[in-house]
Amino acid sequence: MGRQPCCDKIGLKRGPWTIEEDHKLMNFILNNGIHCWRMVPKLAGLLRCGKSCRLRWINYLRPDLKRGGFTELEENQIIQLHSRLGNRWSKIAAHFPGRTDNEIKNHWNTRIKKRLKFDFSTWMDQEIIINNNNNGSNSTTHVDDDHSLFSWEVFNNHHQLDQDLLFFKNY
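Residue numbers (my numbering): -1 to 169.
Check before you lean on any hint, since a few could be wrong.
As the list claims (entries may be wrong) - Listed below are the simulated BS3-like cross-link pairs for lysine-lysine, each with C-alpha atoms no more than 25 Å apart in a straight line:
#1 K64 <-> K11
#2 K89 <-> K103
#3 K22 <-> K11
#4 K49 <-> K22
#5 K103 <-> K49
#6 K64 <-> K40
#7 K89 <-> K112
#8 K22 <-> K89
FYI, nobody ran anything at the bench for these hints, they're computed from the structure.
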């Protein structure tokens, strides 16, 4: 069983979109609207499948898309939302009008996640581990409490950051 294929895929163009295809799709949608994505390529005169047209429109061609880099405020909001929602990119994107879930996910994976790992590593380098041999327990003294953003609570919620970060918790 399962879902019926979106199209025959025979004779359809694959790969990068051309400027002409973009113009055809934009003109068709702006003039006619979207009723059924499976019908859009045929009616617009494109040799693409409906899914390809839908993704091209949603992620690249929509007039209300916000272009350009993310601000520091947006990045901080993404970090907070990700700590609450995890990898639910469409729910996170709902808080950013004009940004797509795909764009936010890509930004997280290529920039924010790496920066958090680096900042966390730097923060851990500033920790002093004191082994209290008298009672056999380990205690941690913070050298710099200005790193409250990188508290264990935040990092425990960021279990997607990589399992190798979790071993720091055991110190």
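Of all the hints given earlier, name the ones this structure violates by number, lowest first. 1, 6, 8
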